[in-house]
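Just so we're aligned: the sequence shown equals residues 1 to 226 in UniProt numbering.
It is worth saying that the hints were derived from the structure and are not from the lab.
Owing to the predicted nature of the structure, the values given are computational and were not obtained by experimental measurement.
Don't take each hint at face value.
Lysine-lysine pairs mimicking DSS-like chemistry, simulated, CA-CA at most 30 angstroms apart [claimed, not checked]: (1) K127 x K144; (2) K117 x K215; (3) K204 x K215; (4) K117 x K144; (5) K117 x K127; (6) K168 x K144; (7) K168 x K139; (8) K211 x K117; (9) K127 x K215; (10) K127 x K139; (11) K204 x K144; (12) K139 x K204; (13) K204 x K127; (14) K215 x K139; (15) K168 x K127; (16) K204 x K117; (17) K204 x K168; (18) K139 x K211; (19) K211 x K144.
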Amino acid sequence: MEVRDDGDAQSRYHQEQQSQPTPSSKQLQSSPNHIDTNSVTQRSTLDSFFLSVQVRLFNNFQFTGNSFVAKGAHGSNDSGVDVLHEHLVMTGGDLGVSAFPDGDSIFAWTGTIEGGKGTMYDGLSYKLSLRFPVDYPFKPPQVKFETTCFHPNVDQFGNICLDILQDKWSSAYDCRTILLSIQSLLGEPNTESPLNASAALLWKNQEEYRKTVRKHYMATGDSLEN
């Protein structure tokens, strides 16, 4: 039996590797094993984003069993926390709507809605607050506009008249459903039962309505910063 010296084998391996020609950029691009640096960069950016979300969760919430509970919170509904954690994973994939926990409580969220294309709110970005009850999802959250919104179904305090947030609520609805419904409401208001009668009357004059929407929007101090 021939016994080989491992040291000699390793030496020959390194010599062979050094003697291999360096592939050109064209060869790399045509190689099936070539790594697309742009894809790696995009994936790295996404990984960094989700890592930051995870760090925020673990800094502010303690993991008990299968759910996140705000640190220092007592009597929290585990089921509600589980559902909200699922919302955190799902929310953000739709163009024009997003929402994330605000501060140390997973029951308090901040949402953002972009005005729909071709509507009176096109190009505007609105911030909303979402407050989820401890018995969520069996009870709807309290949702309000934080950015001033001139709309037939939004009052001066930011309260929203939307059936799915009241008697038409279903535990099947999630944060994504809520935000998309409000986004749709912006472009298709219910002028028959308004919270803001002035907005409902002005809706008939689309040009004046558009000007008034932007006037109120500009009056909000942080509107242009969102």
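Quiz item: Going back to the hint list, which numbers does this structure go against?
Solution: 12, 14 and 18
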